[in-house]
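Peer 1: Take a look at the letters that make up each chain.
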Amino acid sequence: MQGLRLQNIHKSFEREGSRHRVLEGVNLTAGEGETVTLLGRSGSGKTTLLRIAAGYDFPDQGAALWNGAPIEGPSPHRFVVFQSFDQLFPWRRVGSNIRFALRTVNPKLSRQEAGERAAYWLEQTGLADCGDLWPSQLSGGMKQRAALARAFALQPGLLLLDEPFAALDCIQRRTMQELLQELCARHHCTVLFVTHDIEEALYLSPSPAFLTAGGREILRLNRDQANQESIRRLLSQPGDEEAML
Amino acid sequence: MKKLLRYRVVQRLGWICVLLLVWQGAVWSGRVSPLLLPAPRQVLETFLDRLLYGELAAQIGFSLAIILRGTGIALVASLGIALLSLYSKVFASFADTLCALAHPLPAIALLPLIIVWFGVGYPAVIAIIVHSTLWPLFLNLTAGLRATPRVYVECGKSLCSSPLWLLGHVYLPASASSFLAGMKIGWARAWRALISAEMIFGAVASSGGVGWFLFQNRVMMDTAGLFAGIFVVALIGMLVEELLRLAEQKTVVRWGVSAPQ
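If you read the protein sequences in the order shown, they are chains A and B. Just so we're aligned, residue 378 is where the first sequence starts under the numbering used here, counting upward by one. Just so we're aligned, residue 25 is where the second sequence starts under the numbering used here, counting upward by one.
Derived from the structure by calculation, the hints contain no laboratory data. Among the hints, a few may not be true.
[To be verified] Simulated restraints, written as ranges between beta carbons of each label pair:
(1) A/Asp506 / B/Val114: 15 to 25 Å
(2) A/Gln438 / B/Phe115: 25 to 35 Å
(3) B/Leu108 / A/Asn604: 54 to 64 Å
(4) B/Trp39 / A/Cys547: 51 to 61 Å
(5) B/Pro128 / A/Arg488: 42 to 52 Å
(6) A/Glu409 / B/Leu122: 48 to 58 Å
(7) A/Arg396 / B/Gly280: 35 to 45 Å
(8) B/Leu137 / A/Ser419: 54 to 64 Å
(9) B/Ala89 / A/Ser395: 50 to 60 Å
(10) A/His573 / B/Leu191: 29 to 39 Å
Idealized CB from N, CA, C, for every residue including glycine.
All chains, full assembly: derive it from the sequences and hints.
Peer 2: Structure (structure tokens):
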């Protein structure tokens, strides 16, 4: 099967001597070119699930598959945009960060071509004049957009986004959301998008996924359920989400 | 006044001029014997004379060459130990213990042992410099490598799976600020250790270093020469520290990963 498939994922962490269960047998699939937004209360294990899809963490039990093959580690084909502002390498200028990523992933790419692609994506993300700045000279929102520019430039098959727009103002956020949709349509890019913003989740995906408290289950909301009110109800009733629908 | 204080060079030179004036004043007052405190002019003349017609230039070169070599060895060794520690927990625990034992040991305390092992020649001086620089460099490098933000490491892993690539393009640049801090401490310790070692061992090989120059002038009771030697030691120390500062300005301060001091 093409796309992302997470089957019966169990994950727990050792914390201060006791096992802390994060995910208890959740399932999630995202077909090729599909955007799945993932909602859930804080601490329900959304980021852990995303890290498993990225190959940074491995499930204790269950299978994580990308295009039918088990995910065995990080790869440029499954690229992540983190929540953190500081994910560009601070020792490279903004443009150089993107060119460097491009040429590392694809050593055959010429300098000029990498430069053109970096410039294109900087322009798309509204950072046309920022290529020669150091990441430390950018504001939080600009850093985040530059990280998105790097991820978009790499054109990964799977984009893993962990609240990537949380730091942006509402106009920039809408621009980025449109850019993301355009990119996905053009490159058949699959997206797993963790967010706290209900409106954003609904805007980007017709059937958002909802991770219940305690990481017990992922509910895919159907057309009738995918609205602000029912999601708000889900968020306010931890432990009883299944009954709500 | 505030404007002037903005420039470090102006600050440094200004205060040095003030100190020189006080010194000159003390000489003019006629209360101190020229044998104890020669006039600045006399020190300058001696300095130029030794530099142009004597062995001072060769001695400075000798000291710098030997310290460069010793620091180079320490740098390679500390990098090797730090990298091994990064990849092996067992080795890391061993290296930590070794460092905890060796780091507080002043080179002078090891001197008798070094003389027994290496004699009083060139290898002994190198051993002292290596001991003085290796541990602070190792400590700072390991701290830097360990403190590499997880986001950079994971981003790097997504771009390339080679551990060597990750080391060169993520871990090492991310520890640049600790590395430079280690270089500053290492340099300061090495320079002090070198001068003491040269004064104790005297001439090594055909020519001695600046420490030997100091020693000779003490024996000759040549106070002006002694002062000239002290100034050379202070100036070189200051110059290298400024160079390291410049390296910091061009890298970590520009990157915004270390607050400017």
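Peer 1: The structure should be examined with respect to each hint, and the outcome stated for every one.
Peer 2: Hints and how they fare:
Here the CB-CB span from A/Asp506 to B/Val114 is close to 51 Å, at odds with the stated 15 to 25 Å. Our hint of 25 to 35 Å for A/Gln438 and B/Phe115 holds, since their Cβ atoms are close to 33 Å apart. The supplied range of 54 to 64 Å is met by B/Leu108 and A/Asn604, whose beta-carbon atoms lie about 57 Å from each other. Distance hint for B/Trp39 and A/Cys547: a CB-CB separation of about 55 Å, consistent with the stated range 51 to 61 Å.
Range check, B/Pro128 to A/Arg488: about 50 Å between beta-carbon atoms, so the 42 to 52 Å window is met. Between A/Glu409 and B/Leu122 the Cβ separation comes to about 54 Å, which falls inside the hinted range of 48 to 58 Å. Checked against the given bound of 35 to 45 Å, the beta carbons of A/Arg396 and B/Gly280, roughly 39 Å apart, stay inside it. A beta carbon spacing of about 59 Å between B/Leu137 and A/Ser419 agrees with the range 54 to 64 Å that was offered as a hint.
A hinted range of 50 to 60 Å holds for the C-beta pair B/Ala89 and A/Ser395, which are about 59 Å apart. A beta carbon spacing of about 36 Å between A/His573 and B/Leu191 agrees with the range 29 to 39 Å that was offered as a hint.
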